[in-house]
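For the protein sequence lines, the chains are V and U, in the order given.
Per the working numbering, residue 1 is the first one in the first sequence, and the count goes up by one each step.
Per the working numbering, residue 1 is the first one in the second sequence, and the count goes up by one each step.
Some hints here could point you the wrong way.
Same chains, same label: a pair holds when it works inside one copy or across any pair of copies.
Stated by the list, open to error - Below, computed lysine to aspartate or glutamate pairings styled on EDC-like, alpha-carbon distance capped at 20 angstroms:
#1 Lys310 / Asp151
#2 Lys310 / Glu149
#3 Lys310 / Glu216
What the hints contain is simulated information worked out from the structure, not anything from laboratory work.
Below, each chain spelled out in residue letters.
Number of protein chains: 2
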Amino acid sequence: MPFDMGLIQRGARLRRSPFFAATQRYGARAYTVYNHMLFPVCFGDLEDEYWHLVNHVTLWDVAVERQVEITGPDAFAFTNMLTPRDLSRCAVGQGKYVVITADDGGIINDPVLLRLGENHFWLALADSDVLLWARGVVLSSGLRVEIREPDVSPLQVQGPKAKAVVRALFGDAVLALRYYYFLETALDGIPVVVTRTGWSGEVGYEIYLRDGSRGEELWERIMAAGRPHDIRPTGPSDIRRVEAGIFNWGADFTLANNVYEVGLDRLVDAGKPAGYIGRDALARIKADGVRQKLVGIEIDGDRIEFNATKWRVKAGNEAVGWVTSAIWSPRLKKNIGYAMLPVAHASLGTSVGLEIPDVGERGATVVPLPFVDPGKGIPKG
Amino acid sequence: MPFDMGLIQRGARLRRSPFFAATQRYGARAYTVYNHMLFPVCFGDLEDEYWHLVNHVTLWDVAVERQVEITGPDAFAFTNMLTPRDLSRCAVGQGKYVVITADDGGIINDPVLLRLGENHFWLALADSDVLLWARGVVLSSGLRVEIREPDVSPLQVQGPKAKAVVRALFGDAVLALRYYYFLETALDGIPVVVTRTGWSGEVGYEIYLRDGSRGEELWERIMAAGRPHDIRPTGPSDIRRVEAGIFNWGADFTLANNVYEVGLDRLVDAGKPAGYIGRDALARIKADGVRQKLVGIEIDGDRIEFNATKWRVKAGNEAVGWVTSAIWSPRLKKNIGYAMLPVAHASLGTSVGLEIPDVGERGATVVPLPFVDPGKGIPKG
Chain V
1 MPFDMGLIQR GARLRRSPFF AATQRYGARA YTVYNHMLFP VCFGDLEDEY WHLVNHVTLW
61 DVAVERQVEI TGPDAFAFTN MLTPRDLSRC AVGQGKYVVI TADDGGIIND PVLLRLGENH
121 FWLALADSDV LLWARGVVLS SGLRVEIREP DVSPLQVQGP KAKAVVRALF GDAVLALRYY
181 YFLETALDGI PVVVTRTGWS GEVGYEIYLR DGSRGEELWE RIMAAGRPHD IRPTGPSDIR
241 RVEAGIFNWG ADFTLANNVY EVGLDRLVDA GKPAGYIGRD ALARIKADGV RQKLVGIEID
301 GDRIEFNATK WRVKAGNEAV GWVTSAIWSP RLKKNIGYAM LPVAHASLGT SVGLEIPDVG
361 ERGATVVPLP FVDPGKGIPK G
Chain U
1 MPFDMGLIQR GARLRRSPFF AATQRYGARA YTVYNHMLFP VCFGDLEDEY WHLVNHVTLW
61 DVAVERQVEI TGPDAFAFTN MLTPRDLSRC AVGQGKYVVI TADDGGIIND PVLLRLGENH
121 FWLALADSDV LLWARGVVLS SGLRVEIREP DVSPLQVQGP KAKAVVRALF GDAVLALRYY
181 YFLETALDGI PVVVTRTGWS GEVGYEIYLR DGSRGEELWE RIMAAGRPHD IRPTGPSDIR
241 RVEAGIFNWG ADFTLANNVY EVGLDRLVDA GKPAGYIGRD ALARIKADGV RQKLVGIEID
301 GDRIEFNATK WRVKAGNEAV GWVTSAIWSP RLKKNIGYAM LPVAHASLGT SVGLEIPDVG
361 ERGATVVPLP FVDPGKGIPK G
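Chain V extracted, bound-state conformation:
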C-alpha cells in the first residue's frame, strides 16, 4: 500500500464533490486532496481495483478536475495564448490534451481542453490554480474575456466494458465519438458533456456534470446502467496509468520542467504563429537541447511499494537524478516507473542505481515508454 495516514477535515476549507456523499456510501476508504477538494482514491485494495479496471469497468469521482471556463469575444485569441498547441486546429466539439506554459517554458498544468464554442473553452485541470494564472495574464492583455470556475464536475467511466455502460446511458451516438471528441447532452434532464477521454490507457469516457445539485442522481444512474457490467467505484489506478506511460503533474513534472524534458514535444505545434506564452523560451530550449529527460525505468528485484517521495538515482556513487513514479505492475510482474535523468544517463539500456527508503539499493534500467500499448491492454515487446 502507498503511505497511509489520518486525514482530518478541519473546517470547511477543503471542498467536497457533488458525489462526496455517494463515495462515502459506496465505501471510499481513503481520500487525497487535489485542487482544494477531497478526492476519493481508494475504495478497497489498489491491486483489486487495477484488475477491475483492466477486466471490467470502473467509476471514478474526478470532480477535482476543476474547470477554468473562458468565454467572451476574445476567448479563442486568449486561450490560444496559453498553450503551444495551435487551437485553430481544434474544432468545436473537439478536445485536446494541452500544456499551459509559463514564459520560461515551464509546465503550469496539463489539462484536457474542450472547445464548446468558437469562443467557449474549458480546461479540466491537474492540481494547480490555473484560474489565478489566467486572470493574471489577462489583466494587461486588452482582451475581452471572462474567466471563471463553472459548476462542472467530471466523473470517469473507464475499462473495457465502458462502451457498454455509456451506450446504455446515452445511446449509440456516444459510441461514434472519436478519441478526444465530445457531445453535449442530458440524462433524465441532467445536463452533461460526455468525452471520449480518460486517465487509464483503457477504453473510457468522462461524464462532466453541469449541475452540482444533481450529483447523487447522476452517480446512481451510472451505477444502475453499469450493474449488468459489474461496474465498481474505484480511484484512478496509478498502476494502469504508469503502464500506459501517462504522467501526473506535481509528481512526474512541475513548473520547473518543460515539454522537451518530459517527452511531450508533440504538445508544441511547430507551425503555430507567434503570440503565445513561452514560445521564445521553448524555441531556445529546443535549439539548445535539454540537460535532463524523463524516461521509463524497470527496477530489479521483488515487488516494491508505490513511491511516496522522489527516490535518489545514482550512477556509481554519484547522485544524478530522481525517480518520480515507481510501482509494481501485477500484469507485467515487474517494477516500473519514471526517472528524471541527465541526458548522459537517459539512453535506452542504461543501468542506474536507486536508493529506496526502507528497502535499500536496487538496480534499474532505462526502457522505452509506454510499458503497455495504449488502448490494447497488451504488454509491449
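Assemble the complex: chain V is given as a structure, and chain U must be docked to it using the hints.
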C-alpha cells in the same frame, strides 16, 4: 472531533515539509493538505492541544505557508501593485498582514508579507497558488522582477511561554521585536528569520527556516529549548483562532469575497496612490456598500462539532446565508463562529436559525468580534 478519514499518499505529488520526519516521530495523528503539501494538524486531542496553547507553549510545522519571493530592481513597485496596503509604509525588517486582490477586488490570498530589503519581499501564503498569479501579472508589466518559491519553511512557536523559548534560542534581541517585525539570524549556523507573528491570538513567533536540509536540527533545537517550558508539537488551534476572530482563507472567505464583506477594511490604505490591482473595484464596492457581511455568531445549545461543510443560515423559512466556521470554545463554554449574512440580517443581536447536519436546527445570534481580546487570553465582555 472534526471529520476524520483515511488519507492516502499515492505517489510523490504531495510534498513533504523539512519537518515531516520529526512530526511523524513526535506522533502526528492526522494531516491535511495545503499548498500541495502535507500539513500535520493534530498530534493528540484538539481540545488538549488548545489548552496547551493557552497555558503553555506549542510548536507547529507550518512549512505549508509557502513563500513567494519577489526580488529585482522593480520588486518594490511590483509587490506594491499586488495589494491595497501601501508598502511605502513598510520598513525593511517589518512585516504586514496583507490581502492580495484580483482586479474585481476578490481576495486571492491573505499572506503575511515580510520586507527583507528595499527590493526583496516574501509572501507567506494561505492555500492558493499566488506564484502563478504573480507570474501572470508580471508578464506584460514591463517590470524587472524575479518571482520564485524559495527554500523557506516556517514553524510557529505560540503560547504564553513562547517568549521564554525564543529567548533561550536567540537571546534578548528577539524579545525587543515589536508585533509584525522580524530579524534575520542563525542558530548553530542554521539560517532563519524570526518574526513576532502567529495564527493564535496568543503571544507567538514564527521561525522561518532558510535551508530545508536542516529541518531536523532546527526542530530538535527548538524542542530542547522548549522542554523546560513544557513545549508540545501540536497543530494550529482552530478553537483559539476563532476565539481571536482570525479567519481562514478558503473557509471564511475566498476569491468570491472582498475585504469590505469580511471586515478587513483596515487592509486598504485610503491614501494609497493609484496603480495597484483592484483599486477601482474596491472604491466602487466601498461607495456602493456591500450586500453581505461576515459576522461573529454564538450558537445556542450543547457543544457542537467543528463544521466540515458550510451550514445553511435561515431567517424564518428563508435561506439567507452560510456558517463558514463554528466550533465549541471550552473556555467560553459556548459555540462560536462566523456567518456570511445579508446586511439586513448582520446587525449585532440579530437572531437567525442554523441547519446543522446530523444535529438539526439551532438558534444563533450575531455578536461582536473577537470573542476573546487579542493577546490577553481574557474573554471579552
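Here's how the hints hold up against the structure:
For the homomeric pair Lys310 and Asp151, the shortest alpha-carbon distance between copies (17 angstroms) is at most 20 angstroms, but the shortest distance inside one copy (35 angstroms) is not. In this homomeric assembly, Lys310 and Glu149 come within 20 angstroms of each other (Cα to Cα) only across copies, at 19 angstroms, whereas the closest approach inside a single copy is 32 angstroms. Taking the closest pair of Cα atoms, Lys310 and Glu216 come within 20 angstroms of each other only across two copies (19 angstroms); inside a single copy the shortest separation is 38 angstroms, beyond that limit.
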